[in-house]
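So the chains spell out like this:
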Amino acid sequence: MREIVLAARDVRRDYPVAGEPVHAVRGISLDVAAGDWVAIVGPSGCGKSTLLNLLGAIDRPTTGSIAIRGRDVARMNDADATRFRLTGIGFVFQRFYLMPTLTAAENVELPMAEAKLPRAARVARARELLAYVGLGARADHRPYQLSGGEQQRVAIARALANRPALLLADEPTGELDARTGTEMIALFDRLNRDGTTIVTVTHDEELAQAARRVVHMRDGAIVDQVLRRPLADAVPAPPHAPGTAQA
Amino acid sequence: MMLRLAMATLARRRARTALTTAGVAVAAAMLLDMVMLGSGMRESFRGFIEQQGFQIRLTPRGTMPFDSEATVGGGAALVRAVATDPDVVTVAPLLGAKLFSRTPGDSVVSAFVLGLDPAVQGDYVLVEGRDLAADDELVVNASYLAATGRAVGDTVQVAAGYDAQMRRVTGARTVRIVGRARFVMLGGSERAAAMRLAAVQAMGGRDRADRLSVVLVATRPGADIESVRRRLEASDARVSALSTAAALQLVDERLGYFRQLAFILASVSLAVGFLLVTTLVTVSVNERIGEIAVMRAIGVARWRIVAQVMAEGVALSLVGATIGMGLGLVTATWLNGILAAFPGLPAAFDFFFFEPAAAFRSLGLLVLCGIAAGIWPAWRAATLPIARTLREEAVA
Numbered sequence: 027m028r029e030i031v032l033a034a035r036d037v038r039r040d041y042p043v044a045g046e047p048v049h050a051v052r053g054i055s056l057d058v059a060a061g062d063w064v065a066i067v068g069p070s071g072c073g074k075s076t077l078l079n080l081l082g083a084i085d086r087p088t089t090g091s092i093a094i095r096g097r098d099v100a101r102m103n104d105a106d107a108t109r110f111r112l113t114g115i116g117f118v119f120q121r122f123y124l125m126p127t128l129t130a131a132e133n134v135e136l137p138m139a140e141a142k143l144p145r146a147a148r149v150a151r152a153r154e155l156l157a158y159v160g161l162g163a164r165a166d167h168r169p170y171q172l173s174g175g176e177q178q179r180v181a182i183a184r185a186l187a188n189r190p191a192l193l194l195a196d197e198p199t200g201e202l203d204a205r206t207g208t209e210m211i212a213l214f215d216r217l218n219r220d221g222t223t224i225v226t227v228t229h230d231e232e233l234a235q236a237a238r239r240v241v242h243m244r245d246g247a248i249v250d251q252v253l254r255r256p257l258a259d260a261v262p263a264p265p266h267a268p269g270t271a272q273a
Numbered sequence: 030m031m032l033r034l035a036m037a038t039l040a041r042r043r044a045r046t047a048l049t050t051a052g053v054a055v056a057a058a059m060l061l062d063m064v065m066l067g068s069g070m071r072e073s074f075r076g077f078i079e080q081q082g083f084q085i086r087l088t089p090r091g092t093m094p095f096d097s098e099a100t101v102g103g104g105a106a107l108v109r110a111v112a113t114d115p116d117v118v119t120v121a122p123l124l125g126a127k128l129f130s131r132t133p134g135d136s137v138v139s140a141f142v143l144g145l146d147p148a149v150q151g152d153y154v155l156v157e158g159r160d161l162a163a164d165d166e167l168v169v170n171a172s173y174l175a176a177t178g179r180a181v182g183d184t185v186q187v188a189a190g191y192d193a194q195m196r197r198v199t200g201a202r203t204v205r206i207v208g209r210a211r212f213v214m215l216g217g218s219e220r221a222a223a224m225r226l227a228a229v230q231a232m233g234g235r236d237r238a239d240r241l242s243v244v245l246v247a248t249r250p251g252a253d254i255e256s257v258r259r260r261l262e263a264s265d266a267r268v269s270a271l272s273t274a275a276a277l278q279l280v281d282e283r284l285g286y287f288r289q290l291a292f293i294l295a296s297v298s299l300a301v302g303f304l305l306v307t308t309l310v311t312v313s314v315n316e317r318i319g320e321i322a323v324m325r326a327i328g329v330a331r332w333r334i335v336a337q338v339m340a341e342g343v344a345l346s347l348v349g350a351t352i353g354m355g356l357g358l359v360t361a362t363w364l365n366g367i368l369a370a371f372p373g374l375p376a377a378f379d380f381f382f383f384e385p386a387a388a389f390r391s392l393g394l395l396v397l398c399g400i401a402a403g404i405w406p407a408w409r410a411a412t413l414p415i416a417r418t419l420r421e422e423a424v425a
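Residue numbers (the numbering used here), protein chains in the order written: chain P, 27 to 273; chain S, 30 to 425.
Hints may contain errors.
As the list claims (entries may be wrong) - DEER-style ranges, computed between Cβ atoms:
hint, chain 1, residue 1, chain 2, residue 2, range
1, S, 47, P, 30, 49 to 57 Å
2, S, 390, P, 48, 49 to 57 Å
3, S, 297, P, 104, 22 to 30 Å
4, P, 212, S, 315, 33 to 41 Å
5, P, 104, S, 42, 25 to 33 Å
6, S, 300, P, 244, 50 to 58 Å
7, S, 351, P, 205, 51 to 59 Å
8, P, 235, S, 45, 29 to 37 Å
9, S, 355, P, 97, 38 to 46 Å
10, S, 300, P, 30, 35 to 43 Å
11, S, 351, P, 30, 35 to 43 Å
To be verified - To be clear about the criterion: a stretch of chain S counts as covered by chain P if any three or more of its residues have a C-beta under 8 Å from a C-beta of chain P, and this derived list gives those stretches:
hint, segment
12, 36-43
13, 326-333
14, 414-420
No lab work stands behind these hints, which were simulated from the structure alone. For every residue, glycine included, the Cβ atom is placed at its ideal position computed from N, Cα and C.
Construct the entire structure; sequences and hints are all you get.
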């Protein structure tokens, strides 16, 4: 039996727009086991990104609970949630959001510096992660010197820096051309096969097809789930895989 | 890494950062100049008074020293009476008057003459020649020599009065210029001379007989100056006694408008510095709002965002204040040169007085303003709603 990394129970998120309540997420329950890869798909405005923000503890549900590795992130105060995001969750965004004044390696080091990892350790880890995503030779390049696909690889390396329990990706191929998108999907696949638990929100059919499980949303609710590859087939994570979560 | 990120952010928009720093530097320079101006004239005046070495000045009642042409009679008796006070060690009587001198071309040049006792005077510093030893001798300044075409050692005809229409002089006598001096309280361009007191009194005839403009009094070390001042003032109803402290207080009152102006302009400088830094940091935060939201999302603590944004404000203020200090000193020196050339001002009079403690205090205040300027944009950056900001950024 695999560990349940993420357990969301009856999660709702309402917020007012022009004085009227909008029910962005309506009572969603979702379990994600260690090593799983879940793709959340659905039409624009169905609540996918809102759900991802809730799962990543950067927003709070109106009701319901979200436990990551047994910790209820919905009840954490801001400081605890910040700390939890730093060490427990990796984020990849559609628009990369690298710090333009830092090199690729420094961008990857940023969360580790925040987590107070010794400099030598974080430099070594940043190099290891950049090599893993295929950018070992571009470590000292700044974001403007990298292509979109390369910037997204750096963003993935940054997300994996503190060995998070869960990698959340919001439209990770949304700003990439088809060929680069395919390369990115291959990278996610490799990450997952190496043991990283992933939840992606996407409109990209190819990316969704690569996931183990596809969750369909509509009007803030899950309307369907498709299991594409059983988790039992997952290759056990190698002990030194860069993305492997800390015990 | 946050500090490095802050500095890198400033370096990212070099021209904007440089312009803001220049603005802060100008504000800092103005602040420093206003602080220096606020205390400059007072400190200059204090320097002059203390340089003379006298603690009390007796003047015709209700006047300031040489504030008017008022004099007091019975000068010799007054001096004797003052000298009997047990706390008084030196009494220096002075009579100020006009002196008319004939030039080699037979024209007449007017000057200010001080009648004094050369043994106890503190009004001039001899630069060339020797001091007064007789009633027919004159010590003058460089302006006098230039205007009359005379040199040290020359003989010159001087007079107490001159009727320009009739070209007739009164109280004339022939004297010899024995020395050249720098007059402490007079402007460099002002023609000045000094003679023995008795000579100046005698030249004025009955109008000046035994009259004095000021009596300078030096007290013994440790004496209670205020008590001596009160005693001297009470001893003669015709005179006012002014201590150095009281003189400075009077100067303070007269310079009140100057100080108020300096205070207002200094406050404006601080406000300008504050607004410049706030504007730049706010614009910088607005430009990076997506980056900041992502930093918060990946787990960077609020206080680190605050520290990073405030570090930008502090860096701008520090660099601006440091440059401003040099700029302020340069402009103060330049302005001092212009203002000191005003007629009637002592040559060594400084409008701008550099007090390191006051300068550092004021520039420290500017840096504090820089810190305060960063508070609001820093707090805004640290408390922005992450999810909503990311959504809005994605839509944008």
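If any of the earlier hints don't hold here, list their numbers in rising order. Hints 3, 8, 9, 10 and 11 contradicted; others consistent.
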